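Protein chains: 2
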Amino acid sequence: VGAPVESLDYEVIENYAYREQQAQKGKIWFTYTIMVKWLFALLIGIGTGLAAVFINLAVENFSGWKYTATFSIIQHTYFAGYLVYVLINLALVFSSVFIVTHFAPAAAGSGIPEIKGYLNGVDTHGILLFRTLVGKIFGSIGSVGGGLALGKEGPLVHTGACIASLLGQGGSTKYHLNSKWLHMFESDRDRRDLVTCGCAAGVAAAFRAPVGGVLFALEEVTSWWRSHLMWRVFFTSAVVAVVVRSAMSWCKSGKCGHFGSGGFIIWDISDGQEDYSFQELLPMAIIGVIGGLLGALFNQLTLYITKWRRSYLHKKGSRVKIFEACLISVITSTISFGLPLLRKCSPCPDSEANGIDCPRPPGMDGNFVNFFCSKDKEYNDLATIFFNTQDDAIRNLFSAKTFHEYSAQSLLTFLVMFYTLAVVTFGTAVPAGQFVPGIMIGSTYGRLVGMFVVKFYKRLNVEEGTYALLGAASFLGGSMRMTVSLCVIMVEITNNLKLLPLIMLVLLVSKAVGDFFNEGLYEVQARLRGIPLLDSRPKQFMRNMTAKEACKSQQVVCFPRVVRVGELVSALRNNQHNGFPVVDQGQNGETVVIGLVLRSHLIVLLQSKVDFQSSPFPCGPRGVLNSHKLSDFVKPASSKGKSIEDIQLSEDDLQLYLDLAPFLNPSPYVVPEDMSLAKVYNLFRQLGLRHIFVVPRPSRVLGMITRKDLLLEE
Amino acid sequence: VGAPVESLDYEVIENYAYREQQAQKGKIWFTYTIMVKWLFALLIGIGTGLAAVFINLAVENFSGWKYTATFSIIQHTYFAGYLVYVLINLALVFSSVFIVTHFAPAAAGSGIPEIKGYLNGVDTHGILLFRTLVGKIFGSIGSVGGGLALGKEGPLVHTGACIASLLGQGGSTKYHLNSKWLHMFESDRDRRDLVTCGCAAGVAAAFRAPVGGVLFALEEVTSWWRSHLMWRVFFTSAVVAVVVRSAMSWCKSGKCGHFGSGGFIIWDISDGQEDYSFQELLPMAIIGVIGGLLGALFNQLTLYITKWRRSYLHKKGSRVKIFEACLISVITSTISFGLPLLRKCSPCPDSEANGIDCPRPPGMDGNFVNFFCSKDKEYNDLATIFFNTQDDAIRNLFSAKTFHEYSAQSLLTFLVMFYTLAVVTFGTAVPAGQFVPGIMIGSTYGRLVGMFVVKFYKRLNVEEGTYALLGAASFLGGSMRMTVSLCVIMVEITNNLKLLPLIMLVLLVSKAVGDFFNEGLYEVQARLRGIPLLDSRPKQFMRNMTAKEACKSQQVVCFPRVVRVGELVSALRNNQHNGFPVVDQGQNGETVVIGLVLRSHLIVLLQSKVDFQSSPFPCGPRGVLNSHKLSDFVKPASSKGKSIEDIQLSEDDLQLYLDLAPFLNPSPYVVPEDMSLAKVYNLFRQLGLRHIFVVPRPSRVLGMITRKDLLLEE
Ligand SMILES: Nc1ncnc2c1ncn2[C@@H]1O[C@H](COP(=O)(O)OP(=O)(O)OP(=O)(O)O)[C@@H](O)[C@H]1O
Ligand SMILES: Nc1ncnc2c1ncn2[C@@H]1O[C@H](COP(=O)(O)OP(=O)(O)OP(=O)(O)O)[C@@H](O)[C@H]1O
Ligand SMILES: [Mg+2]
Ligand SMILES: [Mg+2]
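Taken in sequence, the protein lines are chains A and G.
Heads up: the first sequence runs through residues 564 to 1277, numbered per the working numbering.
Heads up: the second sequence runs through residues 564 to 1277, numbered per the working numbering.
Possibly wrong hints are sitting among the right ones.
Repeated chains share a single entry, so a pair holds when one copy, or any two copies, can fit it.
As the list claims (entries may be wrong) - The calculated DSSO-like cross-link candidates involving lysine-lysine, where the alpha carbons are at most 30 Å apart (straight line), are:
no.	residue 1	residue 2
1	K879	K600
2	K1172	K1021
3	K1021	K600
4	K1102	K1192
5	K1205	K1271
6	K1115	K1172
7	K1061	K815
8	K964	K1061
9	K878	K588
10	K590	K907
11	K1271	K878
12	K1018	K879
13	K1205	K1192
14	K1061	K818
15	K1102	K815
16	K1192	K1021
17	K1021	K1205
18	K964	K815
19	K938	K878
20	K1192	K815
FYI, nobody ran anything at the bench for these hints, they're computed from the structure.
Since the structure is predicted, the reported quantities are computational estimates derived from the model, not experimental observations.
So here's chain A without its partners, still in its complex pose (with noise of 0.2 Å):
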């Protein structure tokens, strides 16, 4: 089940080819390396704002001309706006599905979950490949521009991330566009490095948030964290700010069609509520509580309807999925030109009060939307969040000063429907992002709250908007269980401080209701397709087992140092492992653990030949000094390295003999066996390691290394 996964190695693997290439390297090579990490982040920044504002000015010109077009329509007749409005979603959807399944499969979903997997040590298949960023690129346009219940902000995420990795590789291989020059980024750490901006990168493009970017790439990466790594993290999202907000300033002129003021979520709240009394904190409590339920309830589904969708229906192959997102398109268009019809328009409020055009004038964004209604002078609060793009929507929720905007029905069937279109939507091979229609959905129920403790209490200065706004952040809560990123990205989203307390209250109430139920969206996603996440935590029961109870009765494949080219093969064969420890005879005749040789290194050195050798005795380390660079060593971008099957040798060549010693990682980390697995696991995760030895009780100490031994000098 799930794509092919491999685990990561953060190590440094200290074979001679390393040690050479440390000895080569001098002071400018150093000064080097530091403004190439530079020129990166800066490029990961601006790439990504780029992409970000060319997906921003897709969508909202198609989503605009769409409108325009069937507002104008409907002037007339209502069956042809109808038509129109479902013929051009679906023609959206359809391109979207097509690019996913014929172009680029690894483009459909959030990528988050993979995304995270791959900073927590696990390498998908295909995620970060340039046909990816392609896909996700044209496919989120279509699918969020085709007014799907889903959103861009995840993919988003995920274009940065492949950004970042691509420039990584100086290009993309596959395509002929890299460089050598700048091909220096060759371990797992370095990627990993880059890749932890493209992602803080791509949150801060999304959401024009470049703290709230930082913090997340912070919080989903809390292993191997360094303060250097943080500063060249936040510039790179401080860049795309730049970016984003040159290509806006750029745009106010009318340059850009319908991409005016709308695109990039910045809803002002700042005319919003300004205190808040501590009668409120029951009502947002509540609200705390709904977030946690539905937020659950939400990844129950999702998870339902993912794994049915696996094991059923996309298995039949991409037109049953190119069929199914067409299907989706079809109903989400209905409902939401159907329903709005249904709904009786309400009289505009008295436009002195809050100073806001009802209803809006044709061919705007805007309030108080002016859909199937007799009279002039009134607005269909239905139509004004479901008729609208959702980025118009959650403005319109969360809008202050517009009291009793909504009716509770109109609430309660846009929350019904939505969530259920949101339940079904998920999954299906387009890209898509969980967070504006988690966002939607939240302000809703927000809202309806809202609506009730503005008639409770009467006397106090409450505002529904910021009830909206609570919401938002509680169903976020509960379905992500993100804490410190969420709140910042919302405060950033907001421009609004003062409600940081509010919100996070909010998100301490729904994470807890949360967490009771089960685990997060990204979590339970990512168990689902195989990824398997290390918590920043050992579980409990780990404190009282042993190293050597986690590997039972493990019989360990080991290879003498110098092996018999054909029992490599066989052994490499035989099993599925990737690492394997080398054992030689010391001295005195009792066995020397000299170091672990990786899987992928092996293929390499049979695929070569060059250092076979006819006799069973080790070569001195002269012998092979020329014959390996570093390079050669390092694995594809695209994960899927050589496999063993592919090597092809002759009956001569596997009498020959190899010697493993030059090739081997000669001191990966070892733990005695009686270590408690709590403390393995932390070494584990802290270093982002992939092997661990455990290894006897030692037999003496030659030394003590405390913090005294560590600060030398040079």
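The hints should help you fit chain G with the ligands onto chain A, whose structure is shown.
Coordinates of chain G with the ligands only, in the frame set by chain A:
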């Protein structure tokens, strides 16, 4: 040189007492622990918030009275005004230095290097005691209220850390304020988590910057950071923000004397510059360079002056310290009163243009101070920044729409004088922060550059206040070398997100320039105080060294499993090591390392004597089960436990034996002898260890641990 320091140990010591305690724990216990942790986070937030409010209230009122009194007296005679001004300042500074020297010596200075050390893994004696807390609070009221060139922000961070640590012990042991009931955070690791919360709370309180607080704690504690902790830390900061905000809105009604708008740093520059053009990037980069140069110079000068103070002045006892502080106070008062007298007053600008009163009404805070001016509609630009509280001075320097308020000559005079004062004041025996002085210095030259920009780029929409802000950021960046957290703090204290990219640019430049010359202020000071900080990355040359080489020709002091008490005592007397390997005979006569025993645990055992036995053979594990609880081994928070010299043993006792097996840590981390020191460094730093054993290569591998083995479900 320096206070006695001792390493902290974040490792779990899995001795029998620990295992027994683990076995007793049930589900309820875990729920209880989690609740207590959150309760503590809440309490730390409230405590730190209240302490901050108290300090601010006191400082604002003292300086309010001081300036009111002085201004009303100088209506009659300037000399009497001068005397009153000097005497009030002197009294305040004297009280501060008296408290510090006679009651809480660890409260001197900013405390940030010590806290940074604590979070890095080194405990300085006495920094987290109750008396230090009290001394810090009252001392900083005196020193800041007394008008010295120092701030209250560093001390607030220290205050937060003290509150957290005291709460963790359930109160102060010495003053019998502790409660057994809350006494549950007994390992260094739990304490460090609390101190992290406290540190963030302190920053949040000092700058009203909750996000900045979290990031500050994060930048200083990059090793060992979990997202769970982050959420708690953030919660604490938010609580602080709520407490401070409530207190301020309570004070708005005038119940708090002179504590009006001032006190809590928020220099709102939201009506400043909206846009910037490319030509401005050059002067901004110049500000960055100046900041780097002046900051690095500041670090160097303060290093020399602190060295000199330590080796000559402060050796002579506390009288000299008191005299020194008083002298500096008199000099500071004289300069800040006298220099503005020499300055010619300028005519007020057209009051319509900017809406700020000029000159400010008597008895008020504000801009355009009328001091020693002959005419009514005049102000003294030097007095506006020099003869004022620091908060007001900064607000005046940051002020927008006040072109040409200051003459270049005044700014230069102030810059030189204040820089000198800040350097000279640094290291006196009073609580002292460097943030506010840094902001003063930086904003002065920033404004100076801004003046030139206004002059040369006439047509641009330039605000001098924005340049002052950038100058402040550049000086702090050049001196303290903080990055992300400084950026966020600057944004939060000026409430202006739009300047983020500019602040970042300036910080990038100033940090790079500063790093070229020396280390950051806190690192330099920590080194001087003998606090050995471990950087987050190993040094380059460590990649070419092995662990064995780092231990050189160390003769490891080991103990056998059953050791004669006499031998134990003499071994402990003869060396200073804090951890000892314990070696036993295996079944076949070969030796086996069975664990690590800590000096502090041995001393507890020697003192209690209950485990002494007359037979030289191992006792069964049953024999000891009831003699010790885990809490017996807990280190007292004051870090200075009993030493071996305090132990009195009779001749008979010395002949007995002690079986160490139940008390040792059976599985310390080990590294093979030829692992590169860089890898050992990472292990040590990332896991927060205190001891690592260097052992021979293992003879065989009993098992492999990979990700799959750690994904166990119960
Ligand atoms: N050389 C080996 N000999 C015996 N057992 C091994 C060996 N290497 C790994 N194992 C065991 O086999 C199981 C699967 O190992 P594998 O090497 O596939 O690791 P993994 O967790 O799947 O990660 P990845 O394959 O992505 O590195 C684990 O339980 C591991 O302990
Ligand atoms: N049991 C021991 N036998 C021999 N040498 C040791 C032993 N323990 C430590 N050392 C060495 O002695 C030196 C000082 O050790 P010490 O135990 O004082 O550690 P430290 O770095 O000062 O930290 P702290 O004392 O705060 O734990 C170090 O070089 C260390 O390697
Ligand atoms: Mg595997
Ligand atoms: Mg020592």
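Q) How do K1192 and K1021 come out at 30 Å by Cα distance, when the copy is not named: within, between, both, or neither? A) Neither. Shortest intra-copy (76 Å) and inter-copy (58 Å) distances fail the 30 Å Cα cut-off.
Item to complete: State whether the alpha carbon distance between K964 and K1061 is at most 30 Å within one copy, between copies, both, or neither.
Response: both (18 Å within a copy, 26 Å between copies)
- Intra- versus inter-copy proximity for K600 and K879 (alpha-carbon distance at most 30 Å): neither (45 Å within a copy, 51 Å between copies)
Q. At most 30 Å between C-alpha atoms: does K1021 with K600 qualify within a copy, between copies, both, or neither?
A. For K1021 and K600, neither the intra-copy (57 Å) nor the inter-copy (38 Å) Cα distance is at most 30 Å.
Intra- versus inter-subunit Cα pairing at 30 Å for K1102 with K815:
Classified as neither; 53 Å inside a copy, 50 Å across copies.
* With identical chains treated as interchangeable, where does the CA-CA distance between K964 and K815 reach 30 Å or less: within a copy, between copies, both, or neither? -> Result: close both inside a copy and across copies, 26 Å intra and 27 Å inter.
Same-copy or cross-copy closeness of K1061 to K815 [CA-CA at most 30 Å] = both (28 Å within a copy, 17 Å between copies)
Quiz item: When no copy is named, should K1018 and K879 be tagged within, between, both, or neither for a Cα gap of at most 30 Å?
Solution: neither (53 Å within a copy, 72 Å between copies)
For the identical chains here, do K878 and K588 meet the 30 Å Cα criterion within one copy, between copies, both, or neither? Answer is neither; intra-copy 52 Å and inter-copy 48 Å both fail.
Regarding K1271 and K878, is the shortest C-alpha distance of 30 Å or less found within a copy, between copies, in both, or in neither? So K1271 and K878 pass the 30 Å test across copies only (27 Å; inside, 60 Å).
Could you figure out if K1192 and K815 sit no more than 30 Å apart (CA to CA) within one copy, between two copies, both or neither? So K1192 and K815 fail the 30 Å test inside a copy (53 Å) and across (70 Å) alike.
Query raised in the report: How would you label the pair K1115, K1172 (within, between, both, or neither) given a Cα cut-off of 30 Å?
Result: Classified as neither: same-chain Cα gap 36 Å, cross-chain 41 Å, threshold 30 Å.
Figure legend: structure checked against the earlier numbered hints; hints not met, in rising order: 1, 2, 3, 6, 9, 10, 12, 15, 16, 17, 19 and 20.
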